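Novice: Put together the whole structure using the sequences plus the hints.
Going line by line, the protein sequences match chains A and B. The opening position of the first sequence corresponds to residue 1 in my numbering, with each subsequent residue numbered one higher. The opening position of the second sequence corresponds to residue 1 in my numbering, with each subsequent residue numbered one higher.
One should not assume that every hint holds.
Simulated DEER-style distance windows between Cβ atoms [as the list claims (entries may be wrong)]:
(1) Gly113(B) - His14(A): 41 to 47 angstroms
(2) Tyr74(A) - Asp11(B): 34 to 40 angstroms
(3) Gly37(A) - Lys80(B): 48 to 54 angstroms
(4) Asn8(A) - Ala93(B): 28 to 34 angstroms
(5) Ile79(A) - Trp151(B): 36 to 42 angstroms
(6) Val21(A) - Asn38(B): 31 to 37 angstroms
(7) Leu22(A) - Leu48(B): 20 to 26 angstroms
(8) Thr15(A) - Ile116(B): 36 to 42 angstroms
(9) Leu127(B) - Gly64(A): 33 to 39 angstroms
(10) Asn38(B) - Gly37(A): 17 to 23 angstroms
(11) Thr118(B) - Thr38(A): 27 to 33 angstroms
(12) Ile33(A) - Leu104(B): 34 to 40 angstroms
What the hints contain is simulated information worked out from the structure, not anything from laboratory work. Predicted model only: the values in this text are computed from it and were never measured. Built from N, CA and C at the ideal position, the CB exists for glycine as well.
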Amino acid sequence: MWLGDTVNKLYNIHTVWLMLVLLTLITYGLSFIDANGTAIMMILMVVAFAKGVMIIRDYMELKGVSLLWKLIMYGWLSIVCLAIVVAYLLV
Amino acid sequence: MKKYPKPIPGDLAMWFIIFAELLVFGIFFIAYAVVRINNVDMFNDSQLTLNREMGAINTILLITASYFVVMAIHALKNNKTKKSSHYLYAAIASGSLFILIKTLEFHDKMSAGIDIGTNTFYMFYFLLTLFHYFHVILGLMILFVVALKTWKGHYKADQTHAMETAGSYWHMVDLVWIIMFPLIYVVR
Numbered sequence: 001m002w003l004g005d006t007v008n009k010l011y012n013i014h015t016v017w018l019m020l021v022l023l024t025l026i027t028y029g030l031s032f033i034d035a036n037g038t039a040i041m042m043i044l045m046v047v048a049f050a051k052g053v054m055i056i057r058d059y060m061e062l063k064g065v066s067l068l069w070k071l072i073m074y075g076w077l078s079i080v081c082l083a084i085v086v087a088y089l090l091v
Numbered sequence: 001m002k003k004y005p006k007p008i009p010g011d012l013a014m015w016f017i018i019f020a021e022l023l024v025f026g027i028f029f030i031a032y033a034v035v036r037i038n039n040v041d042m043f044n045d046s047q048l049t050l051n052r053e054m055g056a057i058n059t060i061l062l063i064t065a066s067y068f069v070v071m072a073i074h075a076l077k078n079n080k081t082k083k084s085s086h087y088l089y090a091a092i093a094s095g096s097l098f099i100l101i102k103t104l105e106f107h108d109k110m111s112a113g114i115d116i117g118t119n120t121f122y123m124f125y126f127l128l129t130l131f132h133y134f135h136v137i138l139g140l141m142i143l144f145v146v147a148l149k150t151w152k153g154h155y156k157a158d159q160t161h162a163m164e165t166a167g168s169y170w171h172m173v174d175l176v177w178i179i180m181f182p183l184i185y186v187v188r
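Specialist: Now the structure itself:
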């Protein structure tokens, strides 16, 4: 309960911006790891997906809108990320 | 009492444009990943020639511009019109810096003799990033019109429709780049 309340208090548009910047720096940092490994690719795509969710939910303010809109936006993000991951796994 | 979903932010017509744009970009992203399957070495070698620093800085600039747009809408909802226009001008400044850096990046590549015909990777690189580049410019023009009208006091606290419409388009441009940066600059 305490942890949940603290997270809710800290989760606002300013911390969303900060998290997006930090995740971008993580992506940049991971680009220096010279590993063509599946794990790095998966981490990078999960980070991109998480950033996309924050943009749709908090920047576009789609939290609480009709299910159809959320399905289209999150569906687009999920399909694109998943298709990229599958294509990279096929190599 | 039945709880109804909140209305979508901005104009419905803009949302159809957003869906169409996302579909086109999505197809391009998937095409890039699929074509790469049979050209892994060429894609990886070419990718290493890209300027990752510029890509990361540009990502932060777009994220920050989007943050300013959200702040502008919140300020307008609180009837702080001047403050709202200032946030929009800050967003325009961030977006303009993105364009400047991207232009420098294109110039670097062109100066090195690299263009859309160099190889398949660069064909995707130029096609995707140039397509996105023009969307950023259009987004900046839309934001500028809304910022000017806000600064002149055309909108009040209950008139956020135009700004939300402009904001939704801008966030779409941001969302697309969020996928494009790791895909083209980083993931190998």
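Novice: Next, verify each hint and record whether it holds.
Specialist: Verification of the hints:
1. Gly113(B) - His14(A): 41 to 47 angstroms: holds (44 angstroms)
2. Tyr74(A) - Asp11(B): 34 to 40 angstroms: violated (21 angstroms)
3. Gly37(A) - Lys80(B): 48 to 54 angstroms: holds (49 angstroms)
4. Asn8(A) - Ala93(B): 28 to 34 angstroms: holds (32 angstroms)
5. Ile79(A) - Trp151(B): 36 to 42 angstroms: holds (40 angstroms)
6. Val21(A) - Asn38(B): 31 to 37 angstroms: holds (36 angstroms)
7. Leu22(A) - Leu48(B): 20 to 26 angstroms: Since the Cβ atoms of Leu22(A) and Leu48(B) sit about 25 angstroms apart, the hinted range of 20 to 26 angstroms holds.
8. Thr15(A) - Ile116(B): 36 to 42 angstroms: holds (40 angstroms)
9. Leu127(B) - Gly64(A): 33 to 39 angstroms: holds (36 angstroms)
10. Asn38(B) - Gly37(A): 17 to 23 angstroms: holds (20 angstroms)
11. Thr118(B) - Thr38(A): 27 to 33 angstroms: holds (28 angstroms)
12. Ile33(A) - Leu104(B): 34 to 40 angstroms: violated (27 angstroms)
Hint violations for this structure: numbers 2, 12, all remaining hints satisfied.
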